[in-house]
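Asker: On the provided structure of chain A, position chain B as indicated by the hints.
Here is how the chains run, residue by residue.
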Amino acid sequence: AQSVTQLGSHVSVSEGALVLLRCNYSSSVPPYLFWYVQYPNQGLQLLLKYTTGATLVKGINGFEAEFKKSETSFHLTKPSAHMSDAAEYFCAVRRNQGGKLIFGQGTELSVKP
Amino acid sequence: NAGVMQNPRHLVRRRGQEARLRCSPMKGHSHVYWYRQLPEEGLKFMVYLQKENIIDESGMPKERFSAEFPKEGPSILRIQQVVRGDSAAYFCASSPGTGDLYEQYFGPGTRLTVT
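From first to last, the protein sequence lines stand for chains A and B.
So that you can map any letter, position 74 of the first sequence is 74 in this note's numbering, and since no number is skipped, the others follow by simple counting.
So that you can map any letter, position 101 of the second sequence is 214 in this note's numbering, and since no number is skipped, the others follow by simple counting.
Hints were generated in silico from the structure; no laboratory data involved.
The C-beta atom is built at its ideal place from N, Cα and C for all residues, glycine as well.
There are no misleading hints in this set.
Label pairs and their calculated CB-CB ranges:
#, chain 1, residue 1, chain 2, residue 2, range
1, B, ASP169, A, PRO30, 19 to 25 Å
2, B, SER200, A, PRO30, 35 to 41 Å
3, A, LYS112, B, VAL196, 35 to 41 Å
4, B, GLY210, A, SER9, 29 to 35 Å
5, B, ASN166, A, GLY16, 47 to 53 Å
6, A, HIS10, B, ASP169, 28 to 34 Å
7, B, GLN130, A, GLN45, 31 to 37 Å
8, B, LYS164, A, LYS112, 46 to 52 Å
9, B, ASN166, A, GLU66, 36 to 42 Å
10, B, MET139, A, GLU66, 27 to 33 Å
Heads up, simulated DSBU-like pairs for lysine-lysine below, C-alpha to C-alpha not over 30 Å straight-line:
#, chain 1, residue 1, chain 2, residue 2
11, A, LYS112, A, LYS58
12, B, LYS140, B, LYS164
13, B, LYS184, B, LYS140
14, A, LYS58, B, LYS157
15, B, LYS175, B, LYS164
16, B, LYS184, B, LYS157
17, B, LYS157, B, LYS175
18, B, LYS164, A, LYS49
19, A, LYS69, B, LYS157
20, A, LYS58, A, LYS69
21, A, LYS49, A, LYS68
22, A, LYS49, A, LYS69
23, A, LYS49, B, LYS140
24, A, LYS68, B, LYS157
25, A, LYS58, B, LYS140
26, B, LYS184, B, LYS164
27, A, LYS49, B, LYS157
28, A, LYS49, A, LYS112
29, B, LYS140, B, LYS157
30, A, LYS58, A, LYS68
Okay, the calculated bits of chain B under chain A, using three or more residues with CB under 8 Å as the criterion:
#, stretch
31, 150-163
32, 215-228
The shape of chain A in the complex, shown without the other chains (with noise of 0.2 Å):
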């Protein structure tokens, strides 16, 4: 069985400084890994993904992770954090086939001035 566990429910930075979301999963076949940013009341928005090929993968906004199998993890970042960075992110993991989304409980991040 797949499953995704996102360190730290909450993590604060200061504006200008770096963001680090961590993610680590758990799966019996080569997983495909996704982050989501999701702003309030708002849907889910798609930052970058890892399927197949390059394990550094830059997403939108300035985001960008890195698959290590032997660590089985997922770690998001971003080298200057900005206000408008403040939000839920998730990971997820799904199977090669089959389709669904397994989520984290998610990171909400804040950015102090």
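Answerer: Below, chain B without anything else, positioned relative to chain A:
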């Protein structure tokens, strides 16, 4: 190309009433997924449908919940005899397929409040 549409955006129902949530996928998308987000929790998969077929309903509660995606018209998630525990945000996502390259596009959600 319009995004995934969900309506209503907010729905208030009294205990025991029925709730109908609608989802219109993006143009050209024939795969629809429903997820539920309970307060302070992540999203949980409920059901996956293609046109006129339920493909995976492993996340659907066994009673009171049903879903359909007819040949014409939106997908409907129906909750009969709602209870307070059904209060949640319900998100629909659509996809053109299930291959490696296909991702799911999410709608804005329907926030159901049961009083």
